[in-house]
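A.B. asks: Got chain A; can you put chain B on it based on the hints?
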Amino acid sequence: MTQCECRAGFFSLRDCENMALAQCVECARWICALHSAPEAVMSTCRDCQARRDQGTGTTGDRDTYDDGWAHSYRERYYGSGYTPMYSGSHHHHYDNQDAQSFAPRDGEMEDGSDDPQAGFGDS
Amino acid sequence: MFAAFRALQQLSNTQREAIESKQVSGAYPPSLLLDNLRALSEFDRLADKWRRTATIAAPILAVAAVFTLMISLHTTTYLLPLPIALLVAAVVIAVSFFRLRPLDISNNVRGVALPFLAILKQDIAATDRVRVRLDLALPTDKRKQVEVLPAYVRGQYHKVIDTLFADPWFEGSARLADGTVLRWRVRDDVRESKRTKRNRRGKYKTKTRHYKRSEIAVVVSLPSKRYVVHDVAGSAGQRVTVRRDVKRCTIKLQRKLKLKSLEPIDPRFLIDAISAAYRSATPVGSAA
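Line by line, the protein sequences are chains A and B. Under the numbering used here, the first residue of the first sequence carries the number 2, and numbering increases by one thereafter. Under the numbering used here, the first residue of the second sequence carries the number 62, and numbering increases by one thereafter.
FYI, nobody ran anything at the bench for these hints, they're computed from the structure. There's no promise every hint is true.
Residues from chain A that keep clear of chain B, each with C-beta distances beyond 12 Å, as calculated [what the hints assert, rightly or not]:
(1) T3
(2) G56
(3) T57
With the Cβ distance kept under 10 Å, some of the chain A side facing chain B (calculated, not the full set) [stated by the list, open to error]:
(4) A9
(5) C28
(6) T65
(7) D68
(8) Y78
Cβ coordinates follow ideal geometry from the N, Cα and C atoms, glycine included.
For reference, chain A alone in the conformation it holds in the complex:
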């Protein structure tokens, strides 16, 4: 069994201690029942769900203030400038900053080449 790769906490983050049950279809992290978004049809972690909520402008269930709302609030709060400390060991979750390395630069093709007409022989 794999351990859940999500980070628990709000003011300071730590590794989740639960065992994973599924893999998030968006970020590919292993997630436990507590960190999977209950309203998602496919397995999605609460962080990805919160990011999606932020994109669509929804805020989770404000009437119940459940864990889904707390994750959504956490995502927005971190977006406003707070960077929590992390005391765990799961460092292989790629954030947006990591993903930027793979985004094509201006004038660059998806495969990394810079000349669309160039063949394999061109240097």
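C.D. replies: Quick look at chain B alone, frame taken from chain A:
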């Protein structure tokens, strides 16, 4: 109406006791405390909604009952069941209003305590407990009255009576998963100003205004073996004191807010105070 009474019936004995005594006090697992507060908040939300409807519906139905009674007496008695039905409906609504009114709880519960504790739960281990003392009574409850000031004249108002209320409604403590000990306290001081004037037609009109001063105090005690605390930068209007000893660095942040209504404060003020303490710390062994 049915939704509010159904929510009341669904409350457990503990929740009913809390709503009747207007107190939640003790050490609870965070999930249990949140479940209890969610149930109380949901009941209060439905009861508030119903009471707002009832204050409009009951007088309208009563007037309609009198009006249709007059018509039926002057035309045909076959119409008589209509005013009776309207009167019965008005009475039922009025009775439900007066039954729910004593069970009204402060909006601070669902506006501040519930979201704050839902956030705090994320940082508390499931096996740990959070200690709270939560006063559910309204900020202008008789028991919270401190003083009634002598009446005075102000502009067009020939009689102004100010009543002062002290409401230390929320305090608690918790040990967070990283070893930090957190304590918090929210105290509201309310001034209720009842202003009476006489209009041009000779009628007396009274307006009630509320002014609130909220004092938020947060004490964050960070373990020295885990965190190195640097200068604490509080936000504008925040008073910060730092006390260091061998085991812990204790940061106290206080802030006063002024509001011109009884609306709950934004729970973000509490969250910001705690995060201000964390912002000043770095993990032991990392570069500052």
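A.B. asks: For every hint, state whether the structure bears it out.
C.D. replies: Verification of the hints:
Distance to chain B confirms A:T3 as a non-interface residue, since its nearest Cβ pair spans about 20 Å, more than 12 Å. Non-interface call for A:G56 relative to chain B: holds, since the shortest CB-CB distance, roughly 21 Å, exceeds 12 Å. Once the 12 Å rule is applied to beta carbons, A:T57 is consistent with being away from chain B; the minimum gap is 21 Å. Taken as an interface hint, A:A9 checks out: its beta carbon lies about 7 Å from the nearest beta carbon of chain B, inside 10 Å.
Because the closest C-beta pair between A:C28 and chain B is about 19 Å apart, greater than 10 Å, the hint is violated. Hint on A:T65 holds. Least Cβ distance to chain B is approximately 6 Å, under the 10 Å limit. Annotation: interface hint on A:D68 holds; nearest CB of chain B at approximately 8 Å, less than 10 Å. Among the interface hints, the one on A:Y78 holds; its C-beta lies about 7 Å from the nearest C-beta in chain B, closer than the 10 Å criterion.
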